[in-house]
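Each chain, written out:
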Amino acid sequence: MDNLESLLAHWRAEPSIGGNVTHWHQQPARPGAFQPLPDSIHPAVAAAFARLGYSQLYSHQAAAWERLQAGENIAVVTGTASGKTLCYNLPVLDALLRDSAARALYLFPTKALAYDQRNEIESWLDAMEQRAAIPVSTYDGDTPTHQRSAIRRGARLLISNPDMLHHGILPNHTAWAEFFGRLRFIVIDEMHSYRGVFGSHVANVLRRLARILKFYGARPLFVLASATIANPRELAEGLIEQPVMVIDVDGAPRGPRHFLIYNPPVVNAELGLRASLFQESVRLASDLLDHNVQTILFGRTRRMVEVMLKTLRESSHTEQDEVRGYRGGYLVAERRAIEAGLRSGQVRGVVATTALELGVDIGGMGASVLAGYPGSVAATWQQAGRAGRGAGAALSLLVASSNPLDQFLARHPEYILGRTPEHALINPDNLIILLSHLRCAAFELPFSKGENFGSVPSGDVEEFLKLLAEGGQLHLSGGKYFWMSEQQPAQAVSLRGAGSDSVVIQAATDKGWALVGEVDPNGAQRLVHPQAIYIHDGATYFVDKLDLEESVAYLRPIEADYYTMPQTRSTVSLVEEKTREPVPAGSKNYGELNITEEVYGFLKIQWSGNEMPGGGDLDLPPMELNTFGYWVTIEEAAIERLRQRGLWSNDPNEYGSHWPAVRDSVRARDNYTCQVCGAAENGRPHDVHHKQPFRSFTSVKEANRLENLVTLCSNCHRRAETIVRIRSGLAGLSFILQHLAPLYLMCDPRDLGVYSDPKADFADGMPVVVVFDQMGNALGFSQKLFELHAELMRSAYQLVNECACLDGCPSCVGPGGELGQGSKRETLALLEELIGKQVDL
Amino acid sequence: MPSLSDRLKALGLQIGVSDPALKPPREEHPIESVVGGRPQHTEFGEAFLVERFLPADELHGALPLRFPPALDKLAAWAADSRLALLPPERFLFLDTETTGVWGSGTMAFLVGMGRFEPGGFRQTQYFLREPIEERAMLEALNHLIGRDDALVTFNGKSFDLPLLKSRYLTNGAPHPFVSLPHIDLLHLARRLWRDLLPSRALGDLEVSLLGVLRTQQDIPGWMIPQMYIDFLHTGDARPLASVFYHNSMDVLSMASLLEHLAAKLAAPLDIVEHHSELYAIGRLYADTGFAEEAIGVFQSTLSMELPADTRYRLVANLAVLFRRRGDYEAALQLWEQAAADGHVYAYVEIAKYYEHRTGDCTIALQYTQRAIKLVDKKKTPDLDRQYWQPLLVHRLARLERKLSHRAV
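One line per chain: the protein sequences are F and P, in this order.
Residue 419 in this note's numbering sits at position 417 of the first sequence, with consecutive numbering throughout.
Residue 263 in this note's numbering sits at position 255 of the second sequence, with consecutive numbering throughout.
These are computed hints drawn from the structure, not numbers from a lab.
Nothing here was measured: the structure is a model prediction, and the numbers come from that model.
Check before you lean on any hint, since a few could be wrong.
Claimed, not checked - Derived lysine-lysine pairs resembling BS3-like cross-links, with alpha carbons at most 25 Å apart:
| no. | chain 1 | residue 1 | chain 2 | residue 2 |
| --- | --- | --- | --- | --- |
| 1 | F | Lys468 | P | Lys17 |
| 2 | F | Lys468 | F | Lys482 |
| 3 | F | Lys482 | P | Lys173 |
Looking at chain F on its own, in the form it has when it is part of the complex (with noise of 0.2 Å):
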């Protein structure tokens, strides 16, 4: 029996944490499927497939052998650490060896993984002593311009991503040639990730690129390969707009797995506080450490992966450098270690963000300990499969916070179990993309009249040309659209929204200042605002000075023996009101709106989790961005009638005229102390909390019983309410919408913002909620949202009315808090107002 299962054994019998196991989910091992390599492939590629240690295929690795030589285009989803790369190189080595003229193209989202790919290639060349005939070349925003003219004419084989094609290869094609003319392969790895308007964007630039290949007279085919998704076939299609064979019978084999969920046990029965989550994931982790099971630990925020590093050097019994922490704000080399020393067993943990998510190859880990539901049901598998390597046990385990969600998968875990992960959605005839694409396509190549863009008919491209034509980009001659305008179409777009300079972290040191990391500009006021404590690999800096003009935070190393926590508030405030239209129980509108982020404040927490004095206030410029809404508003009617039926909550809490009087009587009488952590009042009054919601009670009176009062620090107050949150009608609405509205607009919920308000300002103190595009300037789904506004409440009314839950899920209009309530009775109320669905009183 190896460490793990000895330990799992352990586990089950110990309380303290089988007792809180609320799942335990085992998966049998699985064995491979292996398949011999086929004799069709290039001797040289055999010979060197047996030199780097590899004796046979697995099942998907020669499905994919046999499907592109088939000519068809190919999506390989297997899981995490199943030889993907392999489907790919094989058949490109071999059609590079063949051809001397062949070329293959590699794109990949972010240049770490290009770097990966392109050391993984060389290892290959190496082993076929093919070096100098097959040269690879990386060419990104880093190459030396010197350099490029060389690779243009040279590469066989190049690696790049979407964004250098974009601006960079395709504006310039006819310097590449000779490359399109022979490109053979085109491989797009992690196509996950090109989803929402990134992928809307990638879409676009891939219709370009077939545009400049018909041209050239190549027909490529198409490599891709994907984390799992709900809709590989549907993305990958969407993506190159041809047929795509999907192969995803993972022939890898894989040791036993086990999948538990883990439950923080209540500490505070009366109040329903459960053990802190990172204290929890840390002891769990800690435990496997000391099992010399090699663990990866995901926290949801920077913070927490700082938090928990600290904490689990502390209480497990390893040396500094054995536990790593990796987020984003790391420097690449340091990055590059870890990963290196992860792959080797010299690191034995690692604590990360998602930052890690994405194709970064560590190897396979013992366990996977994911403290908190990461957001999504294929974020999940994602983190749970970075445990398991070849036949050895793994674990992966999920330890749930208080927060609702958290606490609805503890209580159905078939929720996580039985559903299939998430959509990665696109939509490449979004007008705002699709016109900057076909501005881009026809720098490349004048559009002849009755040619199509891609599945964007002849039609639909005419009459985006004519009025490109008509606003003098374009110029009509001899029935083509030709570029007139000495703009460079492609310079103007970015594939990933506005890209702004990120934020330098440095430290004083005995020899001056050092590098410690970075950080985009609105990360920047959250972690590194003045007076912040950063934690970077478990160390920690004060920070003395943010200057944010010349994006610089200037930090020195502290031995704190807290943390600090920013407080943001954001407002949403309206520019101008384009379009208003009375619906049922209100009004749609449509404008533009300004929402702003604070950092207003911090408090200062001990590492043992509670408040201490000394937080304070802060000065920082609000974060703003400008942006189009759509916003539903509710009329005091609907209210009323809600409120008539019992069924609207969101009326502000009359304590009642005696509630000061009663405050202070209940903070004497518990001396003045939190009586949760003990903490003692610190020039601020500690908070007087219900124990049972206040909303719950009939009367005032009876709500504000002195047993049912309780005095609580701020902190604690914070954790108990979550617990007892009630969920309005209003507040299901707005959870509702996120999910639903990426759906009708073919965009990643990222792309959108939700916000709501029971007393808007913008709307005359009336209750709105708001639904508002993500990426600065408009691209257009608001406006489509107010245009579909009938539609999508209808949808959203059939949805939680067929919704099976009792209370509101995470699949409908969110669960309330543990011992709160949900909010599906009130939502389908106010639903119903806004359908306009008669209700006898």
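Position chain P relative to chain F; hints supplied.
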């Protein structure tokens, strides 16, 4: 369903000039009425060209246009012996005006060319009245540019030629530039005048070297793309007269510049006055195999008043030439002089001479020791010290070894 334009407008999107009322009225002033010219029929439709003939006695700037009598030095510099043998009428001067500066969508809307003929210089400018005429223009160029022509351009190697080739490619037509000899005057100008002239742009060279003054009609090059785009929108060709003038002047100046450069390279000592230009020509001679001529130029430059670093580089170059032709006495003389001025390399060269030529290792040792002493001095820059020290120490050790062997 609202129109596409309305839908885009609702998204807050403006596409160029959205209000037709703001557009200038289309006032037709066809190009023919502005610059003359005529259509030319090709199998791909009509091309449009303007021709002009300058009699041989016409001045461009201060000098008459004429083809250089000898191009052997230029041919050697361009590393293409064909250039020295071709008759004048095979040299095609070429300059394009384009719709932008980069990318496969950039077009050449005006291709200006010039060629010497008996009795004068013929200029031909092909112009796209409409972008669709491009294919016909490229075809016409294919007839005009011969398989045994040579090209003369200014920055044509990195701009005009790649651009034209790219246009042929996008039109699916073969281009006429396959292995034509090519003199890119910009490269030569950079070589000769890098230190002397603040700008090697053609317009500035004209003024400082050729005495050409352009009239008010000229416009700066950066304005040209937009002027053509405006013409396509308005149909008013009148402003384009300036573009034709600009292009024509560029081609004429290239012809003048070629003559100017060829004359200077043929007899630098008679014409060239400035030492930095003379030095550059000497270097060019030395690099292209005209060692004797190079020595002559260097020697007479050496008699001029020179800045210390020019003199230093000149002496070093000249001594190498002497050494190569076996004139060690002359070389030694220069090195001694340079050594006296405190140049480490000169000591090394002398040491090499005695060690390898005369076999006199004792003298070689002395020079090496003196060089080491010099390098050790405080005033020697660190970089020089880092470069020389290991080499000298190595040489010293070898010499000592040789001497000790002999002593035994």
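Hints and how they fare:
The hinted pair formed by F:Lys468 and P:Lys17 meets the criterion: a straight-line CA distance of about 15 Å does not exceed 25 Å. As the CA atoms of F:Lys468 and F:Lys482 are separated by approximately 11 Å, the hinted pair is consistent with the 25 Å bound. Taking the CA atoms of F:Lys482 and P:Lys173, the gap is about 21 Å. The hint holds against a cut of 25 Å.
Comparing the model with each numbered hint stated earlier shows that all of them hold.
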